[in-house]
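Colleague: Sequence:
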Amino acid sequence: MKKSLITSLIATFLFLNAVFPALAASSVTITVNTDASQYTSGDKINISGVVLKDGKVGTGTAPLMQVKKGNTVVETYQWKDSEMDGNGNIYKTISPKKYESGSYTIQITAKNATPAYSTFELTNTNPVSKKSISVQSDKPKYEIGDKVQLTGKVTLDNKPVSNEIVDIIIEREGVKVNTESTVKTTKDGTYSFSFDSSKSKVGMYTASVSLADKSITAKTNAFELVSSKTTPDPKPDPDPTTPVVPTPKPDPVPTIPLDPTPVPDPTVTPHTPEVNVVTSESMEIRGTADVGTKITVTDKNNFFAQAVTKADGTFSIPLNVKIKAGTILYVTASASDKVSSETTIIVEDKTPPTKPIVKTVTDKDRKVKGTTEAEVKVSIKAGGKYIGTGYSDKNGVFSININAQKAGTILTLTAKDDVGNTSTSQKMTVIDKTAPKTPSVNSVRTTSTKVTGKAEAGSKVYVKAGNKSIGSATVSKKGTFSVTIKKQKVNTKLSIYSKDKSGNVGKAKVITVKK
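Residue numbers (the numbering used here): 4 to 518.
Read the hints as simulated data drawn from the structure, not as lab findings.
Note that CB positions come from ideal geometry on N, CA and C, so glycine has one too.
Hints are supplied without guarantee of correctness; some may be wrong.
Each computed DSSO-like pair below joins lysine-lysine, with the alpha-carbon atoms no more than 27 angstroms apart [stated by the list, open to error]: (1) 384 - 372; (2) 492 - 457; (3) 59 - 101.
Between beta-carbon pairs, the in silico distance windows are [stated by the list, open to error]: (4) 517 - 485: 17 to 27 angstroms; (5) 428 - 122: 39 to 49 angstroms; (6) 215 - 360: 14 to 24 angstroms; (7) 370 - 483: 31 to 41 angstroms; (8) 88 - 189: 49 to 59 angstroms; (9) 367 - 122: 44 to 54 angstroms; (10) 367 - 492: 38 to 48 angstroms; (11) 96 - 144: 16 to 26 angstroms; (12) 117 - 215: 25 to 35 angstroms; (13) 120 - 162: 28 to 38 angstroms; (14) 96 - 227: 35 to 45 angstroms.
Between the sequences and the hints, there should be enough to build the whole structure, so can you do that?
Modeller: In structure tokens:
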């Protein structure tokens, strides 16, 4: 009996040892490397890594890369399953043109994995001026009726910027509640804005601020408005001179029971929400989660929004301001005091660059100069054929070499950013700035009543005697002309020149009237 019991225990132990590893969470491992340890702003940084789940390709782990300078995230990227090869390798090349000089850390995280890190040093050989804006409320919680005070500052390379116009939008749980207000910064770069909350509703609020050109934005951390009423309002005493007549109660109206909205179990932690793709052009955040749970979306900095899932498990959070590409959003579902694990998504860049602006291009130009978005690729086509490409600088200025184009040629310019977004096209016509050639003129005698010769087709030929115009005519399609004049005296000097449709004047041919 004793031997049988021991045998049973051993068998049970072996069975559990075999079964429980299969029930345990998958083991996910990550490695990350760069192709060098030091870079300049003009280099490309090649990042490689390996993501494995139980020793196989790490699909379903949603590896997320964050490039950090200190605690500040400067670039992000999230790999899709389709981007992993058969060995779990992942690759990404980044351009540090806009990075400041200093030390950087690359962090890669994935589901059920310990983060992996790699570091590098960067020297920016062409530093970019950096403008920033901040905003904060004077406290995290207010009672209805309080004055909400907002303050902030605008700086350029950490120096205050005065007379900068700041736009302010107030939102309640992601919904705009005010018309856009504007303030102007003072000499020290600061600004302030306040509003009376007496007519506001309870809830979580944020203030979104941006410069007038929308080049940079910021949001406050959420602040809360709560009800100032702690006891019911006392009812006024009745007028003693007026008898109080009780209001008759209406006949009861039968109610039709509705299907109850499912309420999440307060003892169970909600599942991790599924979130649809969010882009820099999105005006809402959508997804699915457990029915009746509260969805919270935040970037753990300035952005905060909430919603409750509908009876079908879907949620939709409207946005009044588009979210900047590259922003990391953290999404959770909660019920009572139970909060799900986070879903992490990165706002994808789907915003095209501004279209290139060029004043003029003439048939003499060998460069096309203009402006567009900073550090994007500008392409120029003539008749469907590329005739030049180049890049705009940090200020959005570009200058692209081309061969001189024929007057009347239509050029098409587009700008394309690093992730492939292409601007709308800018079309322009090459302007004629080439003067006609000097006309060839037949001899003119004292008996002649016409001046004949050859010149640029379509141009107009003028004949002068001294400073006086004595005749003109349009050159034929074949390039010949005949100008009627009065008979001229012998040895009179005649100047014959042509002027094209664009107003360009050619050099004159001077002849002497013969006998």
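Colleague: Would you mind marking each hint as holding or not holding in the structure?
Modeller: Quick rundown of the hints versus the structure:
1. 384 - 372: holds (14 angstroms)
2. 492 - 457: Between residue 492 and residue 457 the Cα gap is close to 23 angstroms, so the pair holds against 27 angstroms.
3. 59 - 101: Answer violated: residue 59 to residue 101 is near 37 angstroms, above 27 angstroms.
4. 517 - 485: 17 to 27 angstroms: Since the Cβ atoms of residue 517 and residue 485 sit about 18 angstroms apart, the hinted range of 17 to 27 angstroms holds.
5. 428 - 122: 39 to 49 angstroms: At roughly 42 angstroms between Cβ atoms, residue 122 and residue 428 fall inside 39 to 49 angstroms, so the hint holds.
6. 215 - 360: 14 to 24 angstroms: 19 angstroms Cβ-Cβ, so the 14 to 24 angstroms window holds.
7. 370 - 483: 31 to 41 angstroms: Once the Cβ atoms are compared, 37 angstroms apart, the range 31 to 41 angstroms for residue 483 and residue 370 holds.
8. 88 - 189: 49 to 59 angstroms: The hint (49 to 59 angstroms, Cβ to Cβ) holds, given that residue 88 and residue 189 are roughly 56 angstroms apart.
9. 367 - 122: 44 to 54 angstroms: holds (52 angstroms)
10. 367 - 492: 38 to 48 angstroms: holds (41 angstroms)
11. 96 - 144: 16 to 26 angstroms: Taking Cβ atoms as reference, residue 96 and residue 144 lie about 46 angstroms apart, which means the hint is violated.
12. 117 - 215: 25 to 35 angstroms: Between residue 117 and residue 215, where Cβ atoms are some 45 angstroms apart, the hint is violated.
13. 120 - 162: 28 to 38 angstroms: holds (34 angstroms)
14. 96 - 227: 35 to 45 angstroms: Hint holds: Cβ distance 44 angstroms, inside 35 to 45 angstroms.
Of the numbered hints given earlier, the model fails hints 3, 11 and 12; all others are met.
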